[in-house]
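A.B. asks: The lines below spell out each chain.
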Amino acid sequence: MATNMRDIKREIKSKQNTKQITKAMELVAASRLRRAQEAALAARPYAEKMKEVVASIAAGTKGVKHPMLESRPIKKTGYLIITSDRGLAGGYNANIIRKLTLMIQEKHKSTDEYVLFVIGRKGRDHFRRRNMPIVEEVTGLPDSPSFADIKSIASAAVGNFEQGAYDELYLFYNEFVNALTQIPTAKRLLPLEEVGGSTAAANYEYEPSPEGVLEVLLPKYAETLIYSALLDGKASEFGARMTAMGNATKNATKMINNLTLTYNRARQAAITQEISEIVAGANAQS
Amino acid sequence: MSTFLLEIVTPERKVYAEQVSMVIVKGVEGELGILPNHIPLVTPLKIAPVTIKKDRKEQVIAVNGGFIEVRKDKVVILAESAELPADIDIERAQAAKQRAEQRLSGKRDEFDFRRAEMSLQRAINRLDAKHRV
Numbered sequence: 001m002a003t004n005m006r007d008i009k010r011e012i013k014s015k016q017n018t019k020q021i022t023k024a025m026e027l028v029a030a031s032r033l034r035r036a037q038e039a040a041l042a043a044r045p046y047a048e049k050m051k052e053v054v055a056s057i058a059a060g061t062k063g064v065k066h067p068m069l070e071s072r073p074i075k076k077t078g079y080l081i082i083t084s085d086r087g088l089a090g091g092y093n094a095n096i097i098r099k100l101t102l103m104i105q106e107k108h109k110s111t112d113e114y115v116l117f118v119i120g121r122k123g124r125d126h127f128r129r130r131n132m133p134i135v136e137e138v139t140g141l142p143d144s145p146s147f148a149d150i151k152s153i154a155s156a157a158v159g160n161f162e163q164g165a166y167d168e169l170y171l172f173y174n175e176f177v178n179a180l181t182q183i184p185t186a187k188r189l190l191p192l193e194e195v196g197g198s199t200a201a202a203n204y205e206y207e208p209s210p211e212g213v214l215e216v217l218l219p220k221y222a223e224t225l226i227y228s229a230l231l232d233g234k235a236s237e238f239g240a241r242m243t244a245m246g247n248a249t250k251n252a253t254k255m256i257n258n259l260t261l262t263y264n265r266a267r268q269a270a271i272t273q274e275i276s277e278i279v280a281g282a283n284a285q286s
Numbered sequence: 001m002s003t004f005l006l007e008i009v010t011p012e013r014k015v016y017a018e019q020v021s022m023v024i025v026k027g028v029e030g031e032l033g034i035l036p037n038h039i040p041l042v043t044p045l046k047i048a049p050v051t052i053k054k055d056r057k058e059q060v061i062a063v064n065g066g067f068i069e070v071r072k073d074k075v076v077i078l079a080e081s082a083e084l085p086a087d088i089d090i091e092r093a094q095a096a097k098q099r100a101e102q103r104l105s106g107k108r109d110e111f112d113f114r115r116a117e118m119s120l121q122r123a124i125n126r127l128d129a130k131h132r133v
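Top to bottom, those sequences are chains S and W. Quick note: the first sequence uses UniProt numbering, first residue 1, plus one each step. Quick note: the second sequence uses UniProt numbering, first residue 1, plus one each step.
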């Protein structure tokens, strides 16, 4: 056994320390995941209600015109990407950033043709290092973000579209499927595609007018979509971190087992050698 | 007495869901008192307290940035934030009010001005709701 016994022992100790940390992080992520899922669930009624009302206005009144519903020739594109503040979450950030980077490389030749809105420190650092045009950023969001936390970036992203700073807005986030699976998703947020109106359109009275109500409602609707994407992203983050840390813990356990085996072998070899040396010594004397 | 279901929903959670007999809101076109069997209606709301009448008692909720949807069977208020008076932090609201007033008396940048105005309205709304109880 070539390696020194003391070295092996030290290595085992270090792996054990790492394992303790990853284990703790896994447990923390698991509990936060549960809370994030609850938050995503609690936000659903609002988003659904909003969609229902927008759909029923769109269905009930034909030919309503609003800048947010109209497609314009695309000269410039806005991207809103949701990443996490902290790493150690497996491929969570890398996947979504790669997806956006690929799309940008495919569609745009120069940095004048797009702008970025970034949520999360990881994404911000990545894009800033590459000198990409970041218009607005939010970092340091709490684990269960409130609507007010992202209100400013959401309304900036929506408002700039309305004013014609760009002609489409994409939303990049990790869609939460379950703790093991998160799908990096690109969604075209603006202009709003025909809001699927299968709901039986109730005949509402609108005050002041259908257009007036849409004026207020559509930006809110878009902001709500961004907020639910953020909650989804948070749940995905904790899911990804939980899985990554679970794997790390498993790997650490395996390494510790292997090392322990090596250590015991080395120990036994040392003992055997010692005995044979003593025996040899005794034999030589007699 | 006939009642209807009133729901107040914010992006974070459902704040209120109960059978009530009347709700009074301030729409963009003016104040509305909604009784059971109101005609279906959608209108944006001003930043103002919403008064709820239930079992001859009144309750006030500070609603900010929302709209109301009246249907045959129920009424839904969707708002960016909605607070029961018990949840309102008076000191914070007062501080926010002072800050907003200072900003309003100060510079005249249009965007900041609008923002300050909104935050002043929100603060007054909260204080108002709290005092009415």
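Read the hints as simulated data drawn from the structure, not as lab findings. Take these hints with a grain of salt, some might be off.
Below 30 Å or equal to it, Euclidean Cα-Cα: the simulated DSSO-like pairs (lysine-lysine) are [said to hold, decoys possible]:
{"hint": "1", "chain 1": "S", "residue 1": "Lys13", "chain 2": "S", "residue 2": "Lys99"}
{"hint": "2", "chain 1": "W", "residue 1": "Lys46", "chain 2": "S", "residue 2": "Lys9"}
{"hint": "3", "chain 1": "W", "residue 1": "Lys46", "chain 2": "S", "residue 2": "Lys65"}
Covered by chain S, according to a simulated footprint, are these stretches of chain W (three or more residues, beta-carbon under 8 Å) [unchecked claim]:
{"hint": "4", "region": "33 to 45"}
{"hint": "5", "region": "89 to 98"}
{"hint": "6", "region": "117 to 129"}
These figures come from a predicted structure and were not determined experimentally. All C-beta atoms in this analysis are idealised placements derived from N, C-alpha and C, irrespective of residue type, glycine included.
A.B. asks: Does each hint fit the structure? Answer for all of them.
C.D. replies: Now the hints, each set against the structure:
no. : hint              : verdict
1   : S:Lys13 x S:Lys99 : violated (39 Å)
2   : W:Lys46 x S:Lys9  : violated (70 Å)
3   : W:Lys46 x S:Lys65 : holds (24 Å)
4   : 33 to 45          : holds (count 6)
5   : 89 to 98          : violated (count 0)
6   : 117 to 129        : violated (count 0)
This entry does not satisfy hints 1, 2, 5, 6, going by the numbered hints stated previously.
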